[in-house]
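Student: Keeping the supplied structure of chain A fixed, place chain B upon it in accordance with the hints.
Each protein sequence line maps, in turn, to chains A and B.
Take the first sequence: its letters are residues 1 to 264, numbered as in my numbering.
Take the second sequence: its letters are residues 265 to 433, numbered as in my numbering.
In short, the hints are calculated from the structure, not lab data.
Don't take each hint at face value.
Here are some of the chain B residues that sit facing chain A, going by a computed Cβ distance under 7 Å [to be verified]:
#1 T278
#2 E280
#3 E289
#4 T306
#5 V313
#6 S320
#7 V321
#8 K322
#9 G397
#10 R401
Footprint (simulated), chain A over chain B, 3 or more residues, beta carbon under 8 Å [to be verified]:
#11 324-333
#12 340-349
Covered, in the sense of this in silico footprint (three residues per stretch, anywhere, with C-beta under 8 Å from a C-beta of chain B), are these stretches of chain A [said to hold, decoys possible]:
#13 4-12
#14 32-40
#15 45-59
#16 209-221
This one's a predicted model, so the numbers in the text were calculated from it and none came from an experiment.
Even glycine gets a Cβ: it sits at the ideal position worked out from N, Cα and C.
As a plain string of letters, each chain reads:
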Amino acid sequence: MYDFAYHKPTSVADAVKLLAADPDARPISGGHTLLPALKHRLNKPSSVVDLSGIAELKGIRREGDRIVIGAMAKHKEIAESAEVQAAIPALAKMAGSIGDIQVRNRGTIGGSVANNDPAADYPAAVLALGATVVTSKRRIAADEFFQGMFTTALQPDELLVAIEFPVPQRAGYAKMRNPASRYVMAGAFVAKIADGVRVAINGAGPGVFRQKAMEAALSANWSPDAVANIKQPADGLNSDIHGSAEYRAHLVTVMAKRAVADAG
Amino acid sequence: MPQVTLSVNGKSHTVEVEGRTLLVELLRERLRLTGTHVGCDTSQCGACVVHIDGESVKSCTILALQADGTQVTTIEGLAKPDGTLHPMQEAFREYHALQCGFCTPGMVMAAIDLVQKHPAGLSEKEIREGLEGNLCRCTGYHNIVKAIAAAQDVMHGRRSELARAEAAE
Numbered sequence: 001m002y003d004f005a006y007h008k009p010t011s012v013a014d015a016v017k018l019l020a021a022d023p024d025a026r027p028i029s030g031g032h033t034l035l036p037a038l039k040h041r042l043n044k045p046s047s048v049v050d051l052s053g054i055a056e057l058k059g060i061r062r063e064g065d066r067i068v069i070g071a072m073a074k075h076k077e078i079a080e081s082a083e084v085q086a087a088i089p090a091l092a093k094m095a096g097s098i099g100d101i102q103v104r105n106r107g108t109i110g111g112s113v114a115n116n117d118p119a120a121d122y123p124a125a126v127l128a129l130g131a132t133v134v135t136s137k138r139r140i141a142a143d144e145f146f147q148g149m150f151t152t153a154l155q156p157d158e159l160l161v162a163i164e165f166p167v168p169q170r171a172g173y174a175k176m177r178n179p180a181s182r183y184v185m186a187g188a189f190v191a192k193i194a195d196g197v198r199v200a201i202n203g204a205g206p207g208v209f210r211q212k213a214m215e216a217a218l219s220a221n222w223s224p225d226a227v228a229n230i231k232q233p234a235d236g237l238n239s240d241i242h243g244s245a246e247y248r249a250h251l252v253t254v255m256a257k258r259a260v261a262d263a264g
Numbered sequence: 265m266p267q268v269t270l271s272v273n274g275k276s277h278t279v280e281v282e283g284r285t286l287l288v289e290l291l292r293e294r295l296r297l298t299g300t301h302v303g304c305d306t307s308q309c310g311a312c313v314v315h316i317d318g319e320s321v322k323s324c325t326i327l328a329l330q331a332d333g334t335q336v337t338t339i340e341g342l343a344k345p346d347g348t349l350h351p352m353q354e355a356f357r358e359y360h361a362l363q364c365g366f367c368t369p370g371m372v373m374a375a376i377d378l379v380q381k382h383p384a385g386l387s388e389k390e391i392r393e394g395l396e397g398n399l400c401r402c403t404g405y406h407n408i409v410k411a412i413a414a415a416q417d418v419m420h421g422r423r424s425e426l427a428r429a430e431a432a433e
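Isolated chain B, as found in the complex:
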């Protein structure tokens, strides 16, 4: 069987896979990183979004072998070892940007890439457009957009922590 060698959340793995094994199957079933979800399995819903070499991609539509030699980051790779959440995770919690939570890992991964690619900041409209590839069926988009707007200020160093007063609105 062919082998794939890749780095996941900073740790190197070499795994035997089939040609047809998807990246998300490698992550969930072989490495037991089940934070990455499979929703539609047709590259529409975005529950499976991870980063490959810093770019957000849908891991249900990429072969594991296509990720050979890359650096993959999943939702499990965001928080610090001491449990401190990434500013985007913290903002999702603070702004109650989830109900059932199924879409959340993909939303967070997509949002981090979106914010990192726009150092000048994103308007509400741009955040909504940037989430085109992520579906939330609890219809929680309003709070997700608020969370991303707040997190971008922290991520770009314009604010040291989330303004908790805003969350209480």
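One chain only, chain A, in its complex shape:
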């Protein structure tokens, strides 16, 4: 790892100032993605801006028909939150399924969503639930936020502050993990919200995406059988030593069925 300067601001405004003043500065939250990347010298920041001292980024609360989760909320906190368990149990369960106990004690939802790893879990929940990403500058709809592999609408000097999830009528999540790395090979998050039914697929493609054919089928008939015969095209899906695009395409249908069953 190359050396870097370390800053620990106590407000979003100060953090944004540090990031704006130095194009090579990088924010760090749990660090469980950034630090391994730095060890491989894939990245050479001049400074890291530790967000853990910023109270505005913390906390989980219910505001009317929404659950608002601060960017620095850890996977463990989301998994154990009574508010999340009551309003969006599929999200609490997802948080409790990420990595291992030690990773869940450090990793944050803001870090995961801002990084947008194709195999990450949260982006599927954010997209399927039609959540709003609140930043230091603006509010971004989930449909505009995710822009493909490791790419989001966030600008370099823009910080993810919180995510607002509408409370769904029903929601479920299922994923197939790689048996060695435990990363998602293909996952599906299904949600019935006020605006209709939304289905988000993670792990299978270069980025999280909506499966519109399944959304239409589930709108007409909310049951695992409704998606059982919908085939996901393999074109554009990931193909690597862990599985071909065709295998992942097959998994998408299986995971969607399980996610609907999980939602009840």
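Tutor: Same frame as chain A, now just chain B:
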């Protein structure tokens, strides 16, 4: 150089570190607490698990500066000054829960956190799931699971000491 001040096993330390210094490097190379191991160095194997403010974490993937102001407990901080082992250490010995011993410090630290967070007790399945972040390449998991199951009864006061008859099975 920036300074980090933290408590390790109840003793306060202030150390000059680089921005890139990892917590495990601070523990091993500066404080000479070499009980905490580095296995994979990629936050997968769990040999480096320590407690920060009572929570198990992987010290190879935390900057020393991120631990500023915290209370860190390592494997060296478990036994009493007179040498009496922590019930989890005692159980690992009693149940022969180690072969080469490389993963053991991380296993013990992870196991203590796991047991403390589940006062109602853990089933064998829950113990195995709880060890997802700790790898043993001697494949000694069976005895590790047995040791944790025995230690939880002692830690929660359901038994005053380990049932030695069980170990002889």
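Student: The structure should be examined with respect to each hint, and the outcome stated for every one.
Tutor: Hint check results:
1. At a threshold of 7 Å, the smallest CB-CB gap from B:T278 to chain A is about 16 Å, leaving the interface hint violated.
2. Annotation: B:E280 was flagged as interfacial toward chain A, and the flag is violated, the nearest CB pair being 12 Å apart, outside 7 Å.
3. Here the hint on B:E289 is broken, as its CB sits about 10 Å from the closest CB of chain A, past 7 Å.
4. At its closest, the beta carbon of B:T306 sits 5 Å from a beta carbon of chain A; the interface hint therefore holds under the 7 Å criterion.
5. Restraint check, B:V313 versus chain A: the minimum CB separation of about 6 Å is within 7 Å; hint holds.
6. For the restraint placing B:S320 at the interface with chain A, the shortest Cβ-Cβ distance is roughly 5 Å, inside the 7 Å limit, so the hint holds.
7. Interface restraint check for B:V321: the shortest CB-CB distance to chain A comes to about 5 Å, inside 7 Å, so the restraint holds.
8. Because the closest C-beta pair between B:K322 and chain A is about 5 Å apart, less than 7 Å, the hint holds.
9. Nearest Cβ of chain A to the Cβ of B:G397: about 3 Å, under the 7 Å cut. The hint holds.
10. Taking 7 Å as the C-beta cut-off, the interface hint given for B:R401 is violated, the closest approach to chain A being about 14 Å.
11. Only when three residues or more bring their CB closer than 8 Å to a CB of chain A does the claim for the segment 324-333 of chain B stand; here the count is 6, and the claim holds.
12. Under the rule that three or more residues need a Cβ within less than 8 Å of chain A, the assignment of the segment 340-349 of chain B is violated, with 0 such residues.
13. With 4 residues having a beta carbon nearer than 8 Å to a beta carbon of chain B, the segment 4-12 of chain A meets the requirement of three or more and the stated coverage holds.
14. Counting residues of the segment 32-40 of chain A whose CB lies closer than 8 Å to any CB of chain B gives 5, so the stated coverage by that chain holds, three being the minimum.
15. Chain B is given as covering the segment 45-59 of chain A, and this holds because 4 residues of the stretch bring a CB closer than 8 Å to a CB of that chain, at least three being needed.
16. Coverage of the segment 209-221 of chain A by chain B is violated [criterion: at least 3 residues with CB-CB distance below 8 Å; count 0].
Of the hints listed earlier, those the structure fails to meet are numbers 1, 2, 3, 10, 12 and 16, in rising order.
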